[in-house]
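Protein sequences, first through last, are from chains A and B.
Using the working numbering, the first residue of the first sequence is number -17, and each one after it goes up by one.
Using the working numbering, the first residue of the second sequence is number -17, and each one after it goes up by one.
Honestly, the hints are just simulated from the structure, not real lab data.
Take these hints with a grain of salt, some might be off.
No copy is singled out in the list; a pair is fine if it fits within one copy or between any two copies.
Computed cross-link-like contacts, EDC-like style, restricted to lysine to aspartate or glutamate with a CA-CA straight-line distance of at most 20 Å [to be verified]: (1) K227 to E20; (2) K10 to D223; (3) K303 to E286; (4) K227 to D(-3); (5) K134 to D(-3); (6) K10 to E286; (7) K265 to D308; (8) K227 to D31; (9) K101 to E190; (10) K307 to E327; (11) K303 to D73; (12) K303 to E327; (13) K24 to D272; (14) K196 to D73; (15) K291 to E327; (16) K72 to E287; (17) K297 to E287; (18) K297 to E105; (19) K131 to E174; (20) K134 to D31; (21) K296 to D279.
Number of protein chains: 2
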Amino acid sequence: GLATIAAPAIAQSSDPIIRWRLVSSFPKNIETLYGCAEVMSKALAASTDNKFQIQVFAAGEVVPGLQAFDAVANNTVQICHSASYYYTGKDTAFAFGAHAPFMLNTRQQAAWAYHGEGKKLLEDFYRGFNVVAFPGGNTTTQMGGWFRKEIKSVEDLKGLKFRISGLGGQVLTRMGAVPQQLGIGDIYPSLERGTIDAAEFNGPADDEKLGLYKVAPHYYYPGFWDGTSMQHFFINSAEWDKLPKHYQAALQSAAALANIDSIARYDVLNPPALRRLVAAGAKLHAFPADVLDSAYDTTMELYEELSAKNPTFKKFYDSQKAFQKDASLWNQVSEFAYDSTIIRELRR
Amino acid sequence: GLATIAAPAIAQSSDPIIRWRLVSSFPKNIETLYGCAEVMSKALAASTDNKFQIQVFAAGEVVPGLQAFDAVANNTVQICHSASYYYTGKDTAFAFGAHAPFMLNTRQQAAWAYHGEGKKLLEDFYRGFNVVAFPGGNTTTQMGGWFRKEIKSVEDLKGLKFRISGLGGQVLTRMGAVPQQLGIGDIYPSLERGTIDAAEFNGPADDEKLGLYKVAPHYYYPGFWDGTSMQHFFINSAEWDKLPKHYQAALQSAAALANIDSIARYDVLNPPALRRLVAAGAKLHAFPADVLDSAYDTTMELYEELSAKNPTFKKFYDSQKAFQKDASLWNQVSEFAYDSTIIRELRR
Chain A
-17 GLATIAAPAI AQSSDPIIRW RLVSSFPKNI ETLYGCAEVM SKALAASTDN KFQIQVFAAG
43 EVVPGLQAFD AVANNTVQIC HSASYYYTGK DTAFAFGAHA PFMLNTRQQA AWAYHGEGKK
103 LLEDFYRGFN VVAFPGGNTT TQMGGWFRKE IKSVEDLKGL KFRISGLGGQ VLTRMGAVPQ
163 QLGIGDIYPS LERGTIDAAE FNGPADDEKL GLYKVAPHYY YPGFWDGTSM QHFFINSAEW
223 DKLPKHYQAA LQSAAALANI DSIARYDVLN PPALRRLVAA GAKLHAFPAD VLDSAYDTTM
283 ELYEELSAKN PTFKKFYDSQ KAFQKDASLW NQVSEFAYDS TIIRELRR
Chain B
-17 GLATIAAPAI AQSSDPIIRW RLVSSFPKNI ETLYGCAEVM SKALAASTDN KFQIQVFAAG
43 EVVPGLQAFD AVANNTVQIC HSASYYYTGK DTAFAFGAHA PFMLNTRQQA AWAYHGEGKK
103 LLEDFYRGFN VVAFPGGNTT TQMGGWFRKE IKSVEDLKGL KFRISGLGGQ VLTRMGAVPQ
163 QLGIGDIYPS LERGTIDAAE FNGPADDEKL GLYKVAPHYY YPGFWDGTSM QHFFINSAEW
223 DKLPKHYQAA LQSAAALANI DSIARYDVLN PPALRRLVAA GAKLHAFPAD VLDSAYDTTM
283 ELYEELSAKN PTFKKFYDSQ KAFQKDASLW NQVSEFAYDS TIIRELRR
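Here chain A stands alone, though its shape is the one from the complex (with noise of 0.2 Å):
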């Protein structure tokens, strides 16, 4: 009879179409980083049949691009794409979310979000801000920036004036170097005038566009404060517990999507952005062993005194740093152990 034929295999359903704006906190020609938020934005599009849409606009269209997070966690915007870092001063704690000096790397820094204590720490201490937030983006280790002349020692360090921000920049402050606060159009003039002595920025790919080998040309290895630089997308949480169910999973997919992107962007155009630059005449020094050894007891020095003012800060500190010990020994019988190998056969 009539009630044994099947229902067509076809949902009725009506989703709601839904337009959000995202303001980044990069420029449109910094692609590497501007571009996570549209590789998101297309896949998110894609998957919800273009029901779920998200416009991206570049830092300063809508607000300038280090308040990105304020604007969403005052509802300005609904969504951002922005480094954690830049808000360590509303709280300190904000630099694990992105990379704290000689802390995690690229791989322990997404095991950690992703799958380690970080998932509910960032989870809690966002939404302490009315924000939920997806990784989505990194830079990998940056390199150590553009120095005028050679750092032969830490004694190399005083009285340089040194383009670095964040935690970073606290660091050297107190290695005896005066950082710089400047915007990205002003280093190359300032390097060229020898008003700063020394900057960094990112990797090759994107230093590259600045031009500063050419005004500053000891280019330095490793950027310790920066091992790892872990982007977001950061919600307005009111915004988000708003979305259907599967708006928010599909939100959560593109915005991994665009994590992985990123990083294997940026492994794909840095080597040969390294190789041109020191084809036209940057010079790569890792920085000396004293340099590395003092900056590292600066920095510990350093997390005990906003691990004793901050009990957030301490919270993310300690879980990192647990977590760095455990993953250090790991990786060198695992990737690193690896990666030596083929270092050394490639060289015989």
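We have chain A; now place chain B onto it with these hints.
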């Protein structure tokens, strides 16, 4: 007038209900590997409001684990979760979708497959089998396995009965070892009775379940034949082409989520598993330099021979080799340099 009243912001859609079956190459009890398909399937169902559902079957439930790819190619099932290197018997070029001895590390494999030449090479190659593929998990660098006796030089490999397969097995054969094919459940009793001398499986988190440290306590690193090990979701191309575009996009994002989730999960599980194994008696050793050097030279000879026999192999090999050269240089001034610094500072 009425004409100016906006239509309500609701899209009327008739999304088809789609149910697929996925066969995994992995058993349920290796949850790190088996779980990737569950993570993808849940993310996909969640982002399509449960309209696109994929039921996951463990190895052997529908077809044997090592026939998962064939089951997709001939449309017995629509999708599988498997490792490309299982299928080198069809074509040696399959290795490069997962790993090849002494080739890319985990980040490099992802970069090459998502943004490098590997993207198109793999797409075209798998399409030749009527298959569409997306990366969907990675064990990361594996260990070199469990040995009853120490390996002090390349001489100790002569006659060694070693449970290992794929191109790694071919390399070890040329070095005098005698590769053995054994199911996972047979490894422990075979090592215990001494019918084999050594066995490789994966890394600490998965290896711990087999308890091999009790019968073959010498745990070697690095697994030079498994510097990374990427898995894929392989999809029958006719089934893929029939999907609505937004279901395709949702599946692609869900696969990316599963991929990043897999690496993060291993990176959280492996470090404490390694500690427990060492506490239980596992003895960690690096392979001696002469073993690594001889294995590298043997591998390069094998690659030349396979390249001469198989133009597809050559195309993949040339691409990965060129990428590795540049990427390894970049690694030495970025993540590897940072990791070296952290290892040094944690030991001071």
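Verification of the supplied hints:
1. For the identical chains of this complex, K227 and E20 are inter-copy neighbours only, at 19 Å across copies versus 22 Å inside a copy, given an alpha-carbon limit of 20 Å.
2. Proximity of K10 to D223 under the C-alpha cut-off of 20 Å is found in neither arrangement, the shortest distances being 30 Å within a copy and 34 Å between copies.
3. In this homomeric assembly, K303 and E286 come within 20 Å of each other (Cα to Cα) only inside a single copy, at 12 Å, whereas the closest approach across copies is 45 Å.
4. For the identical chains of this complex, K227 and D(-3) are neighbours both inside a copy (11 Å) and across copies (17 Å), given an alpha-carbon limit of 20 Å.
5. Taking the closest pair of Cα atoms, K134 and D(-3) never come within 20 Å of each other, the shortest separation being 62 Å inside a single copy and 65 Å across copies.
6. With identical chains, the CA atoms of K10 and E286 are never at most 20 Å apart, being 38 Å at best within one copy and 45 Å at best between copies.
7. In this assembly of identical chains, K265 and D308 lie within 20 Å of each other by CA distance solely across copies; the values are 17 Å between and 35 Å within a copy.
8. In this homomeric assembly, K227 and D31 come within 20 Å of each other (Cα to Cα) both inside a single copy, at 16 Å, and across copies, at 8 Å.
9. In this assembly of identical chains, the alpha carbons of K101 and E190 never lie at most 20 Å apart, being 34 Å within a copy and 25 Å across copies at closest.
10. Within a single copy, K307 and E327 get their C-alpha atoms only as close as 28 Å, which misses the 20 Å cut-off; across copies the closest is 11 Å, which meets it.
11. Taking CA atoms no more than 20 Å apart as the test, K303 paired with D73 passes inside one copy only; the shortest distance there is 19 Å, against 46 Å between copies.
12. For a Cα distance limit of 20 Å, the shortest separation of K303 from E327 across copies, 13 Å, qualifies, whereas the shortest one inside one copy, 33 Å, does not.
13. Taking the closest pair of Cα atoms, K24 and D272 never come within 20 Å of each other, the shortest separation being 47 Å inside a single copy and 50 Å across copies.
14. In this homomeric assembly, K196 and D73 never come within 20 Å of each other (Cα to Cα): the closest approach is 37 Å inside a single copy and 49 Å across copies.
15. For the homomeric pair K291 and E327, neither the shortest alpha-carbon distance inside one copy (48 Å) nor that between copies (25 Å) is at most 20 Å.
16. Taking the shortest alpha-carbon separations for K72 and E287, only the intra-copy value of 17 Å comes in at or below 20 Å, while the best inter-copy value is 61 Å.
17. For the identical chains of this complex, K297 and E287 are intra-copy neighbours only, at 13 Å inside a copy versus 55 Å across copies, given an alpha-carbon limit of 20 Å.
18. In this assembly of identical chains, the alpha carbons of K297 and E105 lie at most 20 Å apart only when taken from the same copy (14 Å versus 45 Å across copies).
19. In the homo-oligomer, the alpha carbons of K131 and E174 lie at most 20 Å apart inside one protomer (13 Å), although the nearest pairing across protomers, at 62 Å, exceeds that limit.
20. For a Cα distance limit of 20 Å, the shortest separation of K134 from D31 qualifies neither inside one copy, at 57 Å, nor across copies, at 60 Å.
21. Taking CA atoms no more than 20 Å apart as the test, K296 paired with D279 passes inside one copy only; the shortest distance there is 17 Å, against 49 Å between copies.
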